[in-house]
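A.B. asks: Which chain is which? The protein sequence lines are R, D and G, in order.
Take the first sequence: its position 75, counted from the start at 1, is 75 in the working numbering, and no numbers get skipped.
Take the second sequence: its position 604, counted from the start at 1, is 604 in the working numbering, and no numbers get skipped.
Take the third sequence: its position 145, counted from the start at 1, is 145 in the working numbering, and no numbers get skipped.
Hints are computed from structural coordinates only; laboratory data are not their basis.
Mixed in with the good hints there might be a few duds.
[Stated by the list, open to error] EDC-like mimics (lysine to aspartate or glutamate), calculated; alpha carbons at most 16 Å apart, straight line:
1. D:K519 with G:D75
2. G:K104 with G:D75
3. D:K380 with G:D121
Note that this is a predicted model, so its numbers are computed, not measured.
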Amino acid sequence: MTKSILIDTSKCMACRGCQVACKQWNQLPAEQTTFTGTYETPPSLSTHTWMKITFNEVEEGGKVKWFFGNQRCMHCTDAGCMISCPAGAIYHTEAGTVAIDEKKCIGCNYCVANCPFQAVSFDRATNLPFKCTFCLDRTSNGLQPACAAACPTGAITFGDRNAMVSRASMRVGQLKDAGNRNATIYGLEEVNGTGMLYVLADKPEHYSLPADPQVPFGARLWGVLFKPFRIFVVLAVGLGLWANRAQVKEVEEAKKAQKSSQGVK
Amino acid sequence: MTNHWIDYKNSDVFMNIGGNTAENHPISMKWIEKARETKGAKLIVVDPRVSRTAAVADLYVPIRPGTNVAYLGGLIQYILANKLYHKEYVENYTNATFLINEGFKWDDVTGLFEGVQDNPARNAKGYNQATWQYQRDEEGNVRKDPEMRDPNCVFQIMRKFYAKYSLDNISKITGAPKDVLEESYKLFASTGQPGKAGNIMYAMGITQFTHGAQSVRSVAVPQLLLGNIGIPGGGVNAQRGQANVQGACDMGMLYHIVTGYMPTPQQAAHATLADYNAATPGGYWANRPKFMASMLKAWWPDLRPEQSYPFLPKLDGTDHSHIASYKLMGEGEVKGMICWADNPAVSGPTAGAKRQYQANLDWLISVDLFENETAAFWQKEAGANPADIKTEVFLLPGAAGYEKDGTKTNSGRWIQWNWKAQDPPGDAKSDLWIADRLFKAVRAEYEKGGVFPDPITRMNWDYGDEADPERVDKEINGYDVRTGALYTSFGQLKDDGSTACGSWIYTGFFSDPANPACKKRIKETQGIGSNSNWSWAWPLNRRIVYNRGAADPSGKPWNPDLPLFRWDGTAWQRNDVPDFNAAIPPEDSAKNAFIMTAEGHARLFTQGLNDAPLPIHYEPAESPVANLLYPQATYNPVSQRFYPPTEHTVVNDEERARYPYVITTYRVCEHYQSGIMTRNIPWLNETMPELFIEISEEMAKEKDIANGDTVTIESKRLFNNGEQKGIVAKACVTKRLKPMTINGDKVHVVGMPWHWGYAGMAKGAITNDLAPSVGDPNTTIPEYKAFLCNIRKGGKLA
Amino acid sequence: MKLSRRDFLKLSGASAAAASLTSVGFNGVAEGAFQPVRINYAKEVHTICTFCGVGCGIICHVRDGKIINAEGDPDHPINEGSLCSKGSSIFNLSYVYDSKGNFKPNPKRLTRPLWRDKYSDKWVEKDWDWMFERIAQKIKETRDATFEETVQVGGRTVTVNRTNAISWLGSAFCTNEENYLFKKIARGLGMINVDHCARL
C-alpha cells in the first residue's frame, strides 16, 4: 500500500519537535551551528540532518507572515537519485518510498547531484548517501514515523496515500474558503508525484520548495544510456567519483547560495 | 489555570496575551487546533512581535511591552460601552451589584486611589483602604442594587472608571492600530453570549511587571463580565512555564506562604496560633485553622499545634523574596545560600550585580544536573578572580526527571506520577535523597547541641533510610494521627491536633497507597475532556474550578452541548466535581457561586491587593513615554523601591535619550529557562545555537546593522562609576517587529531571549544583566518584560 | 489524472520502471519489514516531561538499565504521543551520539559531588559523607550565629525562630515530594529568605 506523509503547513507552528524527534529516533548526532540571523538551523540538510523546518518571512499588504516549511527527501515517483544511480542501489519500496540499499551503493554520489530537492547528503567517511527513510523501521512495525508521532498539531500526518490526498484536498478547500487564494496541494504532480504531500497556504517558494522541480536531464540521459551496461558502469565507478566530486561541491554551494538569496530568513 | 489543557478544545475564541503558547507550551496548540478544526474557533494573539504563535493566529494585535492593562482595560470599556457582557452571570455571580463606600474615588491626574499615604518601609506609597469597602446595612449585609443603577455600585463605578479607556486612547498608548484593536475586542467580546466560551491564556508577559497583579486582574475582570469563568472552554489560564512550578507553589516554596497557600506568620499580627487563627478570612478560607493545625501536626507530631506553632519562623514585615534576599546578600547579611536546581545568576534581574553579591557568601550549595552559572560564579569565565572570592561552594550532582520517582503538578493542577526509568549517572542522586541526607546530617549536629534545636530535633522525619517518595506523599495527603488512616478529603481535617496533613489542597491524591489517584492512567474516550480518571487534580479532583459558573442560577448549563452540571430537579448531573455546595438547591448555591471569597461572589472590584481595587494602567518603571491616561502618575506608586530609583532606573528625559529603546525578554521553544539543561543538550544547541536580539528592519537601517551582525546592548544597570558596559548578541533583523507609533511618536521595540550564560556546552551573554530589580507591590515579581536599553553596532561575543 | 496515475504506477513495478527510465525499478519489499524495531523487547517506563507546565507523558524505552529511546506517550491524554523540540530531546540529558551514531554519556553531566574551597580556582571531587558533614557544619555555624529566637513586638515577646542569614531557593524542576521536604527543612531551620523560580 502506498503511504504518504502529509505536511499541513497551515497547522505548523515550527516548534521543531519533528526535527529533534527525527534525530532522536534515527540516532543522529547534533551539528555545530551558529546563529546567522534566522531561526532556521542547520543551514541545510546533511548526513546528520534528514529533515528540518524552514522559516521564511514575507510581508504582503502590510501584513507580516512567517511561513514554516518542512524540508527533506520527497520520495519522488520520478526520483532523480534513483534514475541516476548507476549501481541500482536506490529503489522504491512497497510503501512507495525511496530507499537506499547500502550494500549495493558504490559511493559515486550521483544521487546527491541529481536530487532536485537537494535532500540527499553524502558522507565521505562511510562513502554512503543519507536521507529521510520515511522511518521504515517504525512504519513497517505499526508505528508512525518519528516526525509524525511527535507533531503536536497534526501538521504532520502519516497514512495511506489516498486518505492523505483526500485530507489535503479538504484542507486546501478550507484554506481557500478562508481567503488563501494561493492555497494548493504540493506533491501531486511535481516530479510525477511525491511520497511527501504538502498543504500549502501560499506559494511553494514561501516554504523553500521549488515551484517546478525537475529531474536533471543529465540524470535521465544517464539512466537511458547506461541501463543495459550496468557492469561497465560499476567498473567506471572511479571515473564517476572523480567527475562527481566537483558536482557535489556545486550542490553544496547551491544550498548555501539558496539560503543567502532568501535573505537568510 | 482555572481550566486545563484538554479543555481548550471547548473554547470558541482564544486570546493569547503576555504569552507565546506555540513556543513555550507547544502542546497547548494541539487543543487549540482541535477547537479551530472542530468548531471554527479563532485565535487572537496580542504580542509586541510576531512570535511563532502570532504566525499561526487568526488575528494578531501588536502592542508595546508594558501596556497589557491598557489593552485589556480597553476591552473592559468596549464590553461595557456596547453592553456585550453576560448580564445574568454578572448580576448573579459577581459583585457588580454591590455598593461601595461613598468616599471611594480616584484621581484622574495622578492615577492614585482614595486613601493614599506614604509607606516608608517600602520607600513607596501605600493605601488605607477604608473607602474601598462595601456598604453594609445594620446587620452587616452588603448593600446591593440589583438594577445596577446606583452610582456607587461596582458596575457604575467601572463604567465611569473605564470611560477613558477608549479605542483612541488605547491605540495611542499601545501602538496597536485602532481597527485591529476594535476587531480583536469585538471578536473576543462575542463570547459574552451565553453558550459561548472565551479563553484568555497568558504567562509571564502578563505577570512580570511592576503592575503584574493588576495585569492578572485585567484578565480576570473581562472574563467575569463575559461569563467565561467556571465554564468549559473558558477561564483565566495562567500557563505555567515549568514542569512543577505549580507543585512547588502548592508546597509553599515561597517566602510569603507555608503549604497550601496559607500565609507565613508575621511577627506583629500572628504571634500565637490563636492570633493567626483570629485573622482567618471568610468564605471557604474560614476552615484555615484546620489546615494550619494539620500542617503543624504533620511537621511536629509529638506537640500540640499551639505548642509547635512558635517553631514556624515569623516574618519581620519586610519583603524576603528573591530581589530582597539578594539585596541582603549584597549588604552582607545573607551569608549562606542553597539553590536546589535553580540558577539565579542567570535568571535573576540585574544578574551581573547579583553575581558580585554572591562573593559576600561564606558558603553556597548548588544542586543541579550540570555545572551552572550560580555555582561557577567564582571562575574566570564569569569575569571573576577566584583568588579574591572567599565563598566555599558545594556542587551536588542531581537526577534528571526520569531518573527519579515522584509527582509533578502540571498547569491544569493535575498531579501526575513520574516513574523512574534509569539510575542517575555515577554518584548523582535525586534531590529527595539529597534533602533527606542533608536534613539528617544537620539534625545529627543539633542532637549534639546548638541554638534552639527543638524545631529541628523534634521534626517528623520518617521516610526511611533511602527516602521513599510515597512515604512523603502520605504525609502530604494527610492522615488520622491516632490510626494513621489516610484521608480522602480536606473536609476531614480538624483543628484539634487529631489530624495531620502536609498540604491540605492535596488531600485525596494519595489516600489509597495501593492504587493512588495520582498514578491513575485511564484516558477518557468520550465526554467533555475532564479525564477524571487520569491522575488527580487538586482540589478534590476538580478539573475546572469556580464551576458553579457553568450553569445558570436555576441549574441549566449555559451551553447545553457542554454540560458540566445540570440540575434535574432533585440532584445535579455531573461532569466534574462541584466547586459549590451541591447538597442545596441551585438557586441557593447560585448566591455563593464563588465559595473562596467571603461574599461568595467574584470580585470585579477588589479589596485584596495593595495597589488598586480596579485594574489601572501604569507605565513600567522604565518607559519612553508619560502615562497618557494619568498624566502625573509615576510607575506603580505602591511598588517597592529596593534601590534608589535615580541610581537604578531611567528617570528623566536625558536618560531616556541615552536608553531610547523598549526591550522585552522571552523564551524560545528550543531552550528552557536559564538554559542549564537545554544548553547541555546538543540537539537543542544545534537548533538555537546562540544568543540573539530581534530588531526591526527600520531600526537596522537607522543603525546600519546587518542581519547576523554583532551588537552591544546597554542598560542603566550596566552603567557603573561612569563606565557603560553592555552585553553582546547577534542581530536578528526581522520584519516581525515594527517600530510603534505611541501617541504620535515613533518608538522602537527590541526583544531578546535569556537562555545563555558562561557555563555549559553553549555559551553567551546573560540577558538579565540588563533587567532592573524592581517588582510588583503584591508579589515582587521582577519587571523583565519592559525596560529601556540602548543598542550599538559591534561588540565582542562572550 | 496524475494523482491516480502515481498510485497506479506504484502498484506496477514494470510501469514504474518504464516511467522513471530506470531498470532499478521496484524492489517490492519494504526493507524495514525485516528489521527489528530498535525498541523491541525494551522496557517501557512512563515519565512526565521535565520542561514546561503542560505535563506531557513520555515513554522511556529502557534496556539493560539504560534509556535507549524517549518519545511521546500515545496513551497520554494531553499530548497523545506528541512532543515539542525540548520534549523530544530529553535523551540528550543522559546520552549524546558521536558521529558514528554510538551513544555515550553526556560529557557535561555531573557525576560526583564537587567542592570548591575558598579562594581556590578549581573543583575537587569529594564523597557524599564528607560533603554532608561539612555542609551541616556550615549551616549550623551560620544559623546559630545569626539566630533570633524571640523579638519584642509592642511590649510582647514573640517567638520568631528565624535566621535572616541563609537564602534558600527551591525548584520548579523538582518533584512535589522534594519541594515539600525543602519547605520543611527551610522552615524547621528558621529560614525566611525562601523562594523559587516561580518568581523569576
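A.B. asks: The structure should be examined with respect to each hint, and the outcome stated for every one.
C.D. replies: Evaluated hints:
no., hint, verdict
1, D:K519 with G:D75, "14 Å, holds"
2, G:K104 with G:D75, "30 Å, violated"
3, D:K380 with G:D121, "8 Å, holds"
In summary, the structure is inconsistent with hint 2 from the numbered list given earlier, while agreeing with all the others.
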